[in-house]
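Hints given; two lone chains; assemble the complex.
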Amino acid sequence: MENMIWNPRMECMSRDEIHEVQSERLRAVVRRVYENVPFYRNKMQELGVSPMDIQSIDDIDKLPFTTKQDLRDNYPFGMFAVPLSQITRVHASSGTTGKPCVAGYTSGDIDRWAENMARSMTCAGITKQDVVHVAYGYGLFTGGLGAHYGAERIGASVIPVSGGNTQRQIQLLQDFHATAIACTPSYALNLAENIAAAGIKKGELSLKYGVFGAEPWSEGMRERIEDMLGIIALDVYGLTEIQGPGVAMECPVKNGLHVWEDHFYVETIGKDDKPQAYGEQGDVTFTTLTKQGMPLLRYRTHDLATLDAAPCSCGRTHVRMSRITGRTDDMLIIRGVNVFPSQVEFALTRVPGITPNYQLIIDRVGTLDTMEVQVELAPEGMEDTVRGLENLTRRIEEQLASSVLVHCKVKLCQPGSLPRSEGKAKRIIDLRKDKKNI
Amino acid sequence: MFVTQISVFLENSPGRLAEFTKLLKDSNIDLVSLSIGDTTDFGIIRAVMSDTEKAMKVITEAGYTARLNDVLAAEVPDCPGGLDSVVQTLSASGISIEYLYSFVRSEGKNAVIIFRVQELEKGAAVLEKSGVHILTNEEVRSL
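Respectively, the protein sequence lines represent chains U and C.
Going by the working numbering, 366 is the number at position 366 of the first sequence; the sequence numbering is gapless.
Going by the working numbering, 1023 is the number at position 23 of the second sequence; the sequence numbering is gapless.
Just chain C, same shape as in the assembly (with noise of 0.2 Å):
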């Protein structure tokens, strides 16, 4: 129901980015989609990854500090108004949104957008109800 995503804290400074991709690099980490949250003094990188286990065990063990939680991964149609309908049926059901990022694999016709949202099981439901399809761990990596 839910799709696993790592988060990965980063300092806010020149060539820490570089440090961790190069490492995703080496170690032939595939990505899903990655999206950077940043202040002034730091940034999360927020991934999903084609192997999740293997990932988390690479970056702990390169002495990140990093951590697995559930996010919606919901199918949008790839078209204007694609993201507004999701954001609608959130909105409109008292669901607040965290962040979000959104990614399209070129064969397919729509995207998908990675929500965080406070209430996962409700807003899960409520996104289900009004016709989205949210995708499991296995239909997004297979993507």
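So that you can see chain U by itself, here it is in the shape it has in the complex (with noise of 0.2 Å):
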């Protein structure tokens, strides 16, 4: 097995270094957010917890926790730890209602995305040599630049395809060469099939690697992508608030996602509030420990994983996470997509002539994910017209387009026909589940 890793020195480090390294950044990071977030400053000065206090990494548990509900009260710049002059970069991703989750980065934020990335990308098995073929979104979201930064620092040729389009997508990879390819496992599935329903052969394409990620897949899914395409696909985790992609990066060994520990202190938190042990499952939570323009401590990601810090044989010692194998929250990942309930509510309040009993029926068309939305007709609403109604539905998609970040289709339904919100209605029918590919 080829086994190239692109910072030897801190990805290799002893256990004891990386504690050292930790603590260290730790306490600046800490200093940093009490001195500049008042946020920050006001949460530990609840607990009673000054940056003294924190020496080292195991004091971690004396400081709070971060929400995205702490995030959203901030809105849009409040978590921002410099000014903005100093920023030079603002992503986003889905918020739980309206307002979206921003994350600012400096110039320094950006350099450091491209370090993990490249990191990540390299433990793939991609070099300067290979053609990588970024077919994830650009834009707020962070998989496509994150990938691209990644990928031109290693030096290899990107070609910054972005997301959709699946025809030119399938006559760049024979045209172009590329060896590798970054986008989410569903979507790599979906070019495979299209590959494969266009009569290619495995061989006609020049791919080797796949770094797929930003929503949850499974072995046999793998199993898939990786016969289809004649590839080695691996996963990337990461989240907008945190970084984007490059968070962790799951190694040729397959047994866990290696956490970029210089970068990202990772905790997995039980029901109790208290951090587990190695090996018991929980919330995973990061503390940025190198972030300058929006750090964040203790920020719980409501991905639900194990950690393993014993020695991987690919010679990495940062400690390895789970695959993520659920959520704490009701949080559903659409097309890569993170989309919460409450943001459908929240957009169908805002449309007359419909009732708050909503369902949404998550399915897979093909190897793509789809989302329905269905809403009851309230007398209001109420048209003569087939037009009339139809511009009902569409004020609705509307709606939910600006607030939830992947296209719902909208079915109008009789009132009482829905489940009722009494009790605990059933309002997410998750159809993927019974699919045997996710």
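If you are wondering where the hints come from, they were derived from the structure by calculation, not from laboratory data.
Everything numeric in this text was worked out from a predicted model, so none of it was measured.
Check each hint, because a few of them may be wrong.
[Unchecked claim] Heads up, simulated DSS-like pairs for lysine-lysine below, C-alpha to C-alpha not over 30 Å straight-line: (1) U/Lys411 - C/Lys1129; (2) U/Lys274 - U/Lys201; (3) U/Lys411 - U/Lys43; (4) U/Lys43 - U/Lys128; (5) C/Lys1057 - U/Lys411; (6) C/Lys1022 - C/Lys1057; (7) U/Lys43 - U/Lys271; (8) C/Lys1025 - U/Lys411; (9) C/Lys1109 - C/Lys1129.
Take a look at the structure:
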């Protein structure tokens, strides 16, 4: 097995050295947020903790948690630890209601992100000899630019295709002889099926490596992608609030994702809000150790996973995180985009003519996720013309589009046909769970 | 001058129409005329009933979403070209037709066309000027 390591000094340091680096960096980041972010100063004062109390990484549990709600309360730039003049980039992902979750980066943050993605892509086998086809979306979403900067840092040739237009993507994969591809795993599978349908044989493409993330996927799905495309497919993890892709990366050993621990301290938090021992499942929680623009302390991702610090045969010493096994909240991931039912609810309350009852039907057609929002028509929304009701449907779809960052189809239903909100209404029907390849 | 129509929303799925027509039967509602506009997802029943108030009460109490609105009921000869003459008249005046449906009562020689147009007043005026009789609620219900 090829085993290349981008930054052996950092990626293979001893556990003691990691502890040392983390302690030093935690002390610095705590001082920075205490001095520059009123939210953290207030939180720490409430807990009676001062930066002096944080001497090593072992003091982490004296620090407050950060939640998505905290980011929302400080929307848009209240969590930034530097003046806006030092922020060179802003990305955003889904918030729980109308407002997105914002992240600000200094040029140093972008530089470290490129380093972390370079580590991650090297981990997958990518070198400067490779041609990297980036089919993640480019924009506020971190996927495209994250993969782009990482591949550029390595010195590979980057093809910034972005998402969509599958036939053109296949044409470019053939013509430009891409050897590596980065996108969501469901899109990789979609490409693979379209490639097969076009009668193109595995050997006719030059692909060798896939770096896939932004949504959970299974071993079964990996096997299908690897088999259909004839590549090695590895899992990359990240989230906008913490950095974007490249917070953690699976190595070819395929036994968990290495969290780049010199930049991110990871904990798994139990139901009692206490850090779990390695091996115990908990809410994956990150502290950014080197971020300057928007450092976060103990940010609760609500992703469920376990950690393992046992030595890995790839030579890297950084702790391994299991595949994400679930969520502690009701967040859905639709085509790589995070969707909260509360966002849908928020959008629906802003359109007159429908009742507050709704149901989400999530499905997978072919390899792509679909979301249908079923809403009940209220008397004041009734029209005698098809056009009138189609206009209502379109208004709801437009409102959803501005709140939920993925297309949803709206279906009007008769009043009373959807479950009521008394007790525990079954608002989400995820048919993907019954399908094999998730 | 105008006729009151009831529009009822139905999901386009098996059994929905049967539920609705059973409700009308069980409540002894007499239909004067009915049509359905449909899409993949839903249908709109449009009907003129002999007792609009009672029908509306029964339908909404059964939980359906329904609304009342005015339509034009034009009497035309029940022969080839009967429909064409009124459509031509409306078209020549630039009045757009959203939908229409028709019915013939057994004893009559004339057919009744129910029109939904954007500009009801103008539509009625144009048709009456061309000699077409526009029926009232009372006339339609007593046909």
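Task: 30 Å Cα cutoff - pair C/Lys1025, U/Lys411 - done: 29 Å, holds
- [ ] Decide if the proposed pair is consistent with the structure: U/Lys43 and U/Lys271, CA atoms, cutoff 30 Å inclusive.
- [x] The given pair, whose Cα atoms are some 21 Å apart, holds under the 30 Å limit.
Open item on the list: Holds or violated: C/Lys1022 and C/Lys1057, Cα atoms, limit 30 Å.
Closed with: Holds, because 16 Å separates the two Cα atoms, which is no more than 30 Å.
- [ ] Measure nothing beyond the straight line between the CA atoms of U/Lys274 and U/Lys201; if it is 30 Å or shorter, mark the hint as holding.
- [x] 51 Å, violated
- [ ] For the pair we were handed, U/Lys43 and U/Lys128, check the Cα-Cα distance against 30 Å.
- [x] 45 Å, violated
TODO: With a cut-off of 30 Å on the C-alpha distance, tell me whether C/Lys1057 and U/Lys411 pass.
DONE: The hint holds at about 26 Å.
Task: 30 Å limit on alpha-carbon distance, applied to hinted pair C/Lys1109 and C/Lys1129 - done: Roughly 22 Å between the alpha carbons, so the hint for C/Lys1109 and C/Lys1129 holds.
Open item on the list: Next pair to validate is U/Lys411 with U/Lys43; report whether the Cα-Cα distance is within 30 Å.
Closed with: Violated, at about 44 Å.
Task: Given hint C/Lys1129 paired with U/Lys411 - CA-CA distance at most 30 Å - done: Distance of about 43 Å is beyond 30 Å: violated.
Taken one by one, the earlier hints fail for this structure at numbers 1, 2, 3 and 4, listed in ascending order.
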